[in-house]
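Single-letter residue listing:
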Amino acid sequence: MNYESIWLVLLFPILGFLIQALLGTRIEKTLGRKVLGGLAVLPIALSFAVGLVITLGTKGGTSNTATIGQWINAGNLSIPFEFIVDPLSMTMVLIITGVGALIHLYATGYMSEEREYARFFTYMNLFIASMLLLVLGANLLLLYVGWEGVGLCSYLLIGFWYKDLANAKAANKAFIVNRIGDWGLSLGLMLIVVFLLSQGNHVQDGRYLSYDTMLPALQNGLAANPAMATAIALLLFVGAAGKSAQFPLYIWLPDAMAGPTPVSALIHAATMVTSGVVLLNRMHVVFEMSPVASAIVCVIGAFTALFAALIAFGQTDIKKVLAYSTVSQLGFMFIACGAGAYWAGMFHVTTHAFFKALLFLGAGAVIHAMAHNQDMRNYGNLRKYLPITFWTMVVGTLAICAVGIPGVFGFAGFYSKEAILGGALANTHAQINGVQLGQISGWVGLGVALLTSIYMTRLTCLTFLGSEERWRAIPAHTEEHHAEDHAENSDTHHALDENHTPHEVPISMWLPLVVLALLSIGGGYFLANGGAFEHWLYPSGLPVLGEVSTEPTGIPLAMYSMIAALGGIALGLVFYLKGLPKNQGFDESQWLGLRRAERDQFGFDNAVTVAAVDGGGDIARGLWKWVDVALIDGIVEGFGKISGGLGELMRRWQTGYIRLYALMMLLGLVGLIGFFAIVFQRGVR
Amino acid sequence: MNGVPLAAYIGLGLFMFTTGVVGVIVRKSPIVIFMCIELMLNSVNLTFLAFARYQMVPVASPERLQHSMMAGQMIVIFVMAVAAAEVAVGLGIIMAIFRLRDNVDIDEMNLLRG
Amino acid sequence: MNQTVGGVAVTPELLMFGAIAGAAAICAVGVVAFNNAVRSALCLVVNFFLLAVLYFTLNAEMLGITQVVVYTGAIMVLFLFVVMLLNLGGSKLVHEKSDWKKFVGILLGCGLFVILGAQILPQLVHVQPMQLDQDLAKFGGPEAIGRTLFTEYAYPFEAVSVLLLIGIVGSILLAKRRI
Numbered sequence: 000m001n002y003e004s005i006w007l008v009l010l011f012p013i014l015g016f017l018i019q020a021l022l023g024t025r026i027e028k029t030l031g032r033k034v035l036g037g038l039a040v041l042p043i044a045l046s047f048a049v050g051l052v053i054t055l056g057t058k059g060g061t062s063n064t065a066t067i068g069q070w071i072n073a074g075n076l077s078i079p080f081e082f083i084v085d086p087l088s089m090t091m092v093l094i095i096t097g098v099g100a101l102i103h104l105y106a107t108g109y110m111s112e113e114r115e116y117a118r119f120f121t122y123m124n125l126f127i128a129s130m131l132l133l134v135l136g137a138n139l140l141l142l143y144v145g146w147e148g149v150g151l152c153s154y155l156l157i158g159f160w161y162k163d164l165a166n167a168k169a170a171n172k173a174f175i176v177n178r179i180g181d182w183g184l185s186l187g188l189m190l191i192v193v194f195l196l197s198q199g200n201h202v203q204d205g206r207y208l209s210y211d212t213m214l215p216a217l218q219n220g221l222a223a224n225p226a227m228a229t230a231i232a233l234l235l236f237v238g239a240a241g242k243s244a245q246f247p248l249y250i251w252l253p254d255a256m257a258g259p260t261p262v263s264a265l266i267h268a269a270t271m272v273t274s275g276v277v278l279l280n281r282m283h284v285v286f287e288m289s290p291v292a293s294a295i296v297c298v299i300g301a302f303t304a305l306f307a308a309l310i311a312f313g314q315t316d317i318k319k320v321l322a323y324s325t326v327s328q329l330g331f332m333f334i335a336c337g338a339g340a341y342w343a344g345m346f347h348v349t350t351h352a353f354f355k356a357l358l359f360l361g362a363g364a365v366i367h368a369m370a371h372n373q374d375m376r377n378y379g380n381l382r383k384y385l386p387i388t389f390w391t392m393v394v395g396t397l398a399i400c401a402v403g404i405p406g407v408f409g410f411a412g413f414y415s416k417e418a419i420l421g422g423a424l425a426n427t428h429a430q431i432n433g434v435q436l437g438q439i440s441g442w443v444g445l446g447v448a449l450l451t452s453i454y455m456t457r458l459t460c461l462t463f464l465g466s467e468e469r470w471r472a473i474p475a476h477t478e479e480h481h482a483e484d485h486a487e488n489s490d491t492h493h494a495l496d497e498n499h500t501p502h503e504v505p506i507s508m509w510l511p512l513v514v515l516a517l518l519s520i521g522g523g524y525f526l527a528n529g530g531a532f533e534h535w536l537y538p539s540g541l542p543v544l545g546e547v548s549t550e551p552t553g554i555p556l557a558m559y560s561m562i563a564a565l566g567g568i569a570l571g572l573v574f575y576l577k578g579l580p581k582n583q584g585f586d587e588s589q590w591l592g593l594r595r596a597e598r599d600q601f602g603f604d605n606a607v608t609v610a611a612v613d614g615g616g617d618i619a620r621g622l623w624k625w626v627d628v629a630l631i632d633g634i635v636e637g638f639g640k641i642s643g644g645l646g647e648l649m650r651r652w653q654t655g656y657i658r659l660y661a662l663m664m665l666l667g668l669v670g671l672i673g674f675f676a677i678v679f680q681r682g683v684r
Numbered sequence: 000m001n002g003v004p005l006a007a008y009i010g011l012g013l014f015m016f017t018t019g020v021v022g023v024i025v026r027k028s029p030i031v032i033f034m035c036i037e038l039m040l041n042s043v044n045l046t047f048l049a050f051a052r053y054q055m056v057p058v059a060s061p062e063r064l065q066h067s068m069m070a071g072q073m074i075v076i077f078v079m080a081v082a083a084a085e086v087a088v089g090l091g092i093i094m095a096i097f098r099l100r101d102n103v104d105i106d107e108m109n110l111l112r113g
Numbered sequence: 000m001n002q003t004v005g006g007v008a009v010t011p012e013l014l015m016f017g018a019i020a021g022a023a024a025i026c027a028v029g030v031v032a033f034n035n036a037v038r039s040a041l042c043l044v045v046n047f048f049l050l051a052v053l054y055f056t057l058n059a060e061m062l063g064i065t066q067v068v069v070y071t072g073a074i075m076v077l078f079l080f081v082v083m084l085l086n087l088g089g090s091k092l093v094h095e096k097s098d099w100k101k102f103v104g105i106l107l108g109c110g111l112f113v114i115l116g117a118q119i120l121p122q123l124v125h126v127q128p129m130q131l132d133q134d135l136a137k138f139g140g141p142e143a144i145g146r147t148l149f150t151e152y153a154y155p156f157e158a159v160s161v162l163l164l165i166g167i168v169g170s171i172l173l174a175k176r177r178i
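Heads up: the sequence lines are chains A, B and C, in that order.
Take 0 as the starting number for the first sequence in numbering that gives the first Met the number 0 and just add one per residue.
Take 0 as the starting number for the second sequence in numbering that gives the first Met the number 0 and just add one per residue.
Take 0 as the starting number for the third sequence in numbering that gives the first Met the number 0 and just add one per residue.
One chain only, chain A, in its complex shape:
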């Protein structure tokens, strides 16, 4: 099976989606949930198998395009249905289908007590299909279709428990903020086409947006036009920032935690949010041509990483901590892409998929065990009750903290984070007016790595360690859990109270945890061994920048990152091993000012809401009152009133007296004849 069969990878999830959409509830009723769950996991697993075979046949640096048919043929522009098989797309395919299959398996257990089981997996399969289209599409327009598709599925899945208004609002927020990013992306697409058309020499076959024809044309055309390169790059980055939750478009990601945990794991950790990085990797030529845009990418990535890491300290909801952690790690990926080390960004995408999915699924197991209570202040000593979850989460934490011994062995995150920071510090590409913003971003990233270790250790300590089982001190501090909203049987959905004993999750849930833990341990080592991943993606370096180094000279990066990782863990243990400090408890007035600010995202979300939502509402109301009601309705009704007024005037002539009518006729007759007689003077014959 070679690259021509790549369409099979896309076909299976689509079939799965269709079968579940049309027959899902019937299968659930007749054959039971286990069969339906299996039917959901099966297509993804099949896609993974096919993808694996094709990947093994894909040599480094090669790129093949399989064309299925023609889609758009409009004048100069030709967009075929084509799929690209190259290391970048196959990496993403394996991540999406591999991690996706594991998450689907997990979800069959997690969602087993929920209503509308079939609908959930329908949406999940649709999401996988859209994401595959995004990465496999061989032209930007197919990418855009997949882009929109994942946005849609994100909306559907975040708002899965739509009966709760807060969830629906979160789904709306995700979609709308994504839309802003999409606006930038579509403008970027259009600008590319316009630019290429203005170049004169026509792209082969008129395929202006296909990677194999567009990228060389862009490389030639933009060499002399760095301003255009900056423009295109920044527009594409707006799209990437929307999807990948960079500042200021990150605000949807924390709210998106309202969806079920498998959704958070799949979409908001492993796959959808990495679309931005994929886009940058596809279009890296443009960014290579524009140091300014690359510098901006670096700066925003670094700022986002720092901002999100700080906010994570003020969060008490376990999923929110992980959400901000995702935002922060995405910032890292953008630092790498901005600096020119694109392969490092993709490397971190891969390892991040492993450990972040692991962390989310583990958190989901904890939530499941704790009767859907997500507040870490109610946890404590859970390692006694949830051993598998505990050990896998520890692995995940070590991976994200980038723990490792240089030159010997490291967890997955160790290699990727070092590659990112090394790439940022070693290269001079990302600069504006000589200011080495890329390198500055690298130093910031190092600091954020320290912060990452601290807050992740905080999470682990509060949840699993310590000896105090804080949930037994309730019911003073819990919110009510409305089981009837989404539970299939209310009696199995237990409540959290002082007699609650958490139990470990079923095998369908801990098996994916174990697999992901193994990947988090070994994945980084195998991919980085001898630069295997780097040489597979970019064997001959980048087209413009050449070989990009990730080994900065003169900086003992390995030592610094080890200090950051281990020192952060140590600090975290010191502060939080005994549980929650007194000034961080449920009484939030006792919190430090900084922590309170962090909890509220430094007021940014509120500001955006007031400006955009309330401001927009005010503008809309004002327009309605003044333009629609007063002006337009006034004009329309004004016409009516004028007609009515004229009619009132003319009424007076309808007296009903026939003689008057006859008189008027005579008047008209005389007038007309007189008019013609006088105007058209006819002489006497």
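Possibly wrong hints are sitting among the right ones.
DSS-like cross-link-like pairs, simulated, lysine-lysine; straight-line CA separation at most 25 Å [to be verified]:
| no. | chain 1 | residue 1 | chain 2 | residue 2 |
| --- | --- | --- | --- | --- |
| 1 | A | 28 | A | 162 |
| 2 | B | 27 | C | 100 |
| 3 | C | 101 | B | 27 |
| 4 | A | 168 | A | 319 |
| 5 | A | 640 | A | 624 |
Worth flagging that the hints you see were computed from the coordinates, not collected in a lab.
Here the structure is a predicted model, which means the values were calculated and not measured.
Given chain A, work out where chains B and C should sit, using these hints.
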């Protein structure tokens, strides 16, 4: 008759016509208004016959001449027939109205008032 | 007697015409002017007679006879019947108030006469009747009219007969007390 200019006949017709028009506007009784309408119709008849007799425009052939002269007569015949029918019906209407109200005054019939 | 008035030769025919036409005009004014409906009707009868004479001078003999028979003999008789039935003459004299409509009406009527007359009459002053030979002189006779009516104008003839039928039916319906 030799010697009478066409203008004389047409002048008489015009005079009768305008008299009829004035009569329609000025008189109150519908019967008299009807009579004025008949006056107008007759003036038209006279005009047609005058033009038929006094062929003003030279025509191409004798057949056309015959046709042209007969045309005037024909129109007058039809006008007379139509006038007769109209009078019959109109007077019937007036009789019907008179049965309902005792006075026949055209100003009282103003149900078309808007 | 060979004077000319305004470029037109004064002939006995013209004088005769003038007498008849003048009487007809006076009668026409009388129709409008009399308050008494009976007197108006009688004026109209005289007018029609005089018009019949004029038709004879125009070589339209058949039509002249028809005018007498149909118009004066039938239509005016109908009018007089209705006037008598409704008792409009005599005791039912309606004194009409003069208001602005009358005045404007008379004014406009004169205006119409003046305008049309000024346009048409000057051109026709010098038009003399055509010379007729023996055949053509009979164009107003019953034979010529009959031939034309039943051949060329057969379709309008039939149509008018239908119209008359409708008129009969209509007037009967209108006049009955109960349908």
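Checklist line | Violated hints - listed by number, lowest first | finding: none
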